[in-house]
Amino acid sequence: MRTGADLATLRERKPLVHQITNYVVMNETANATLALGALPVMAHAKEEVEELASVAGALVLNIGTLSQHWIEAMLLAARAANAAGVPVVLDPVGAGATRLRTDTAKRILGEAEIAIVRGNAAEVATLAGREAEIRGVESIGASDSGADLAKAAAAGLGCVVAVTGAVDHVSDGAQVLAIGNGHELLGTVSGTGCMATAITGCFAAVASERPLEAAAEALVVFGVAGEDAAREAKGPGTFHVGLYDALYNLDPATIDARAKVDE
Amino acid sequence: MRTGADLATLRERKPLVHQITNYVVMNETANATLALGALPVMAHAKEEVEELASVAGALVLNIGTLSQHWIEAMLLAARAANAAGVPVVLDPVGAGATRLRTDTAKRILGEAEIAIVRGNAAEVATLAGREAEIRGVESIGASDSGADLAKAAAAGLGCVVAVTGAVDHVSDGAQVLAIGNGHELLGTVSGTGCMATAITGCFAAVASERPLEAAAEALVVFGVAGEDAAREAKGPGTFHVGLYDALYNLDPATIDARAKVDE
Amino acid sequence: MRTGADLATLRERKPLVHQITNYVVMNETANATLALGALPVMAHAKEEVEELASVAGALVLNIGTLSQHWIEAMLLAARAANAAGVPVVLDPVGAGATRLRTDTAKRILGEAEIAIVRGNAAEVATLAGREAEIRGVESIGASDSGADLAKAAAAGLGCVVAVTGAVDHVSDGAQVLAIGNGHELLGTVSGTGCMATAITGCFAAVASERPLEAAAEALVVFGVAGEDAAREAKGPGTFHVGLYDALYNLDPATIDARAKVDE
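Chains as they are written, first to last, in my numbering: chain Y, 1 to 263; chain W, 1001 to 1263; chain C, 2001 to 2263.
A hint or two may mislead.
Said to hold, decoys possible - Some residues of chain Y that are not near chain C, with every Cβ distance over 12 Å (derived): (1) L109; (2) E138; (3) G165; (4) A166; (5) N181; (6) G235.
Said to hold, decoys possible - The list that follows gives simulated cross-link-like pairs (lysine-lysine, DSS-like), each with its CA atoms no further than 27 Å apart: (7) Y:K46 with W:K1046; (8) W:K1106 with W:K1046; (9) W:K1234 with C:K2234; (10) W:K1260 with Y:K234; (11) C:K2046 with Y:K46; (12) W:K1046 with Y:K106; (13) C:K2014 with W:K1234; (14) W:K1046 with C:K2046; (15) C:K2046 with W:K1106; (16) Y:K234 with W:K1014; (17) C:K2234 with Y:K14; (18) Y:K46 with C:K2106; (19) W:K1234 with C:K2260; (20) Y:K234 with W:K1234; (21) Y:K234 with C:K2234.
Since the hints were derived computationally from the structure, they do not count as laboratory data. From the three backbone atoms N, C-alpha and C, an ideal C-beta is built for every residue, glycine too.
Work the whole structure out from these sequences, hints included.
Here you go:
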């Protein structure tokens, strides 16, 4: 892993990260992308997603709030990204919670080539055909450990899978990386999972040939930013605000020393 | 009223609060719900709202930005909630401002059983068939006092009605509770009314058999959080951020002593 | 220019500013409008936009996220505003980036009377038929200088044009005003351009007969607020929050002395 070097590259290249995401977090993921140093572009109209996805550095699909025409736009964008060699990152928000979300996540995985899936244990377990416990769109648990789940899902889905939780696990089906960075206040702000996915897209844009590392580096970076933001936070509001400051102020020179990664 | 006890229960049970709300405040109401201690789930697709509403602790409908298919989704969700015994809270944003909003609010009240309506004086007066003065979606005034209006509307609509303003009034048609908590900075942030409604949904989820108290407790809690947030605020921005911190840090042990409620 | 006097008038009259804008910044532009002292109303349903636009002080159209029915709603609203003498402000977000956005911006300019266009150099160059360099929805540059571009676009489009950048240029086709207020942190927060457009709508509402001044005053006010917010900001998060505080705390008595305007 070369988190600091990839972060420095990201800030220099400022890759376009095209995001088709849910209404709840659009502003948040755009601002997290921008604070980190990449350029977000949010667009969902069928008439324009192919144009944008094909020139982007990465495409991020997030199914947090769905409608039929958004699903179609996601599929169009994903195919255009595939054709142009642009990596696609999928956040299967709420897979397992409703049939629409489970079916949509599976359909996207079936009809397009996804580089990285980033989800919680229940979402990933659902997609991997394993047992999970869900409340609303929150993961309560899965029968597998995070490491086993990430590995099995990556093998089954044929892509890199990141399972986030107290400890995050990222696997390509062979190797598993465990990331211990982060802070519990991340669970008190809506959309932090979606932000982690957006940042995964940013790293996929600069390290598309190393998706396992890109996914792990994104979670290190986001976790370290969470640790920094927590330092002066008085609750979810100040933590949320501090998160953008922290992403912006991350130092590529020191981040590798702060990474808590077990292989 | 047992605000502290109900807040403690809420944080222990973490009820799912399904919200079909407007684009402007989705992130804000999700975060207010989460900061308080409940679990928000935001979903509007016709294909999934019934599944979610029927397993939620409460359903919150907010008509702040409407489209035809959102109206249909709200009705489907409300009927599913009714069938499952899940309380439904309605925020009739802008009723009286346009025909679409007035008609939609009335249609929801006519086709589903609503437990609590939370609105400003002009919105409630419009629904109760009384005179109101409106600018855009802001209430300028109503011919009735808040107490009279809440009582008349509750009697007419057959549900609990909360009319918020400098002093809030909550009625079930018989009793009227006046809540004096709050702060004028609440009027400088977009979506604080919608947040009050989301929090009403949180309390409805843990005290569904006592809707009058649930509605009043929610306004006490939100008002006290506003008082706390105002203490170090320098304007609407820092106040808004402080509101999430304050909701998160509310102490069930002291909140009853801080409630300003007149019966 | 009489920025202080117009700001004082705005706070006294509290004009309604009807905004049909993109999903990413709805909350942000509503809160910027409210913090400044005007009343935002966000509505996009075809069934209600004419009612609202015709009673508003100004109508703001922003094409940052498009769908077909939003385009139709924008055209309906613009025509209703025109018929009622309500000034219309257009933010052509991403014109030049995709055909849909370029075509939509041109269609709105062709089918309705626009008082003020506020965009970045690439967007304005696209609409004026001049050369521009674009990445995603970000402007990299235009072949003309800001002053020349604003003047040529205003002459060509027949309305006031504001081109924002490190220095902003506003022209009515004859005169050009250059505004040097602002801060580089404005570029680190998503939606600050959209906020500048919303504030342009606020000033258009109180100075509709002086659109050149209204556009320039809005950029002075937003720039000064940016300077104030930057003072204690630690990054994009605290800057963003401070921007609302700064807009709220702007002093009409001192703002003219702080304006950096060259004619």
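Results for each hint:
1. The beta carbon of L109 (chain Y) is kept farther than 12 Å from every beta carbon of chain C, the shortest such distance being approximately 25 Å.
2. Every C-beta of chain C lies more than 12 Å from that of E138 (chain Y), the closest at about 23 Å, which supports listing it as non-interface.
3. Chain C leaves G165 (chain Y) outside its interface by the beta-carbon criterion, the shortest separation being 25 Å against a cut-off of 12 Å.
4. At roughly 24 Å from the closest C-beta of chain C, the C-beta of A166 (chain Y) stays outside 12 Å, upholding its exclusion from the interface.
5. Against chain C, the non-interface label of N181 (chain Y) holds: every CB pair exceeds 12 Å, the least being about 19 Å.
6. Every CB of chain C is more than 12 Å from the CB of G235 (chain Y) (nearest about 14 Å), matching its label as outside the interface.
7. At most 27 Å may separate the alpha-carbon atoms for a hinted pair to count; K46 (chain Y) and K1046 (chain W) meet this at roughly 20 Å.
8. With a C-alpha separation of about 20 Å, the suggested pair K1106 (chain W) and K1046 (chain W) falls inside the 27 Å cut-off, and the hint holds.
9. Distance hint between K1234 (chain W) and K2234 (chain C) is fulfilled; the C-alpha atoms sit about 16 Å from each other, no more than 27 Å.
10. Pair hint K1260 (chain W) plus K234 (chain Y) holds up; C-alpha atoms about 26 Å apart against a cutoff of 27 Å.
11. Between K2046 (chain C) and K46 (chain Y), the direct Cα distance comes to roughly 20 Å. Compliance with the 27 Å bound is thereby established for this hinted pair.
12. Proposed proximity of K1046 (chain W) and K106 (chain Y) is supported: the alpha carbons are some 19 Å apart, at most 27 Å.
13. For the proposed pair K2014 (chain C) and K1234 (chain W), the alpha carbon gap of about 21 Å is at most 27 Å, so the pair holds.
14. At most 27 Å may separate the alpha-carbon atoms for a hinted pair to count; K1046 (chain W) and K2046 (chain C) meet this at roughly 20 Å.
15. A distance of roughly 19 Å separates the Cα atoms of K2046 (chain C) and K1106 (chain W); the hinted pair therefore holds under the 27 Å criterion.
16. Using a Cα cut-off of 27 Å, the hinted pair K234 (chain Y) and K1014 (chain W) holds, with the two alpha carbons roughly 21 Å apart.
17. Taking the CA atoms of K2234 (chain C) and K14 (chain Y), the gap is near 21 Å; set against the 27 Å cutoff, the hint holds.
18. In summary, the hint linking K46 (chain Y) to K2106 (chain C) is supported, as the alpha carbons are separated by about 19 Å, within the 27 Å threshold.
19. A threshold of 27 Å between alpha carbons decides the hint, and for K1234 (chain W) with K2260 (chain C) the separation of about 26 Å falls inside it, so the pair holds.
20. A hinted pair counts as satisfied when its Cα atoms are at most 27 Å apart, and K234 (chain Y) with K1234 (chain W) qualifies at roughly 16 Å.
21. For the suggested pair K234 (chain Y) and K2234 (chain C), the alpha carbons sit about 16 Å apart, so the restraint of at most 27 Å is met.
Consistency with the previously given hints is maintained throughout, with no hint failing.
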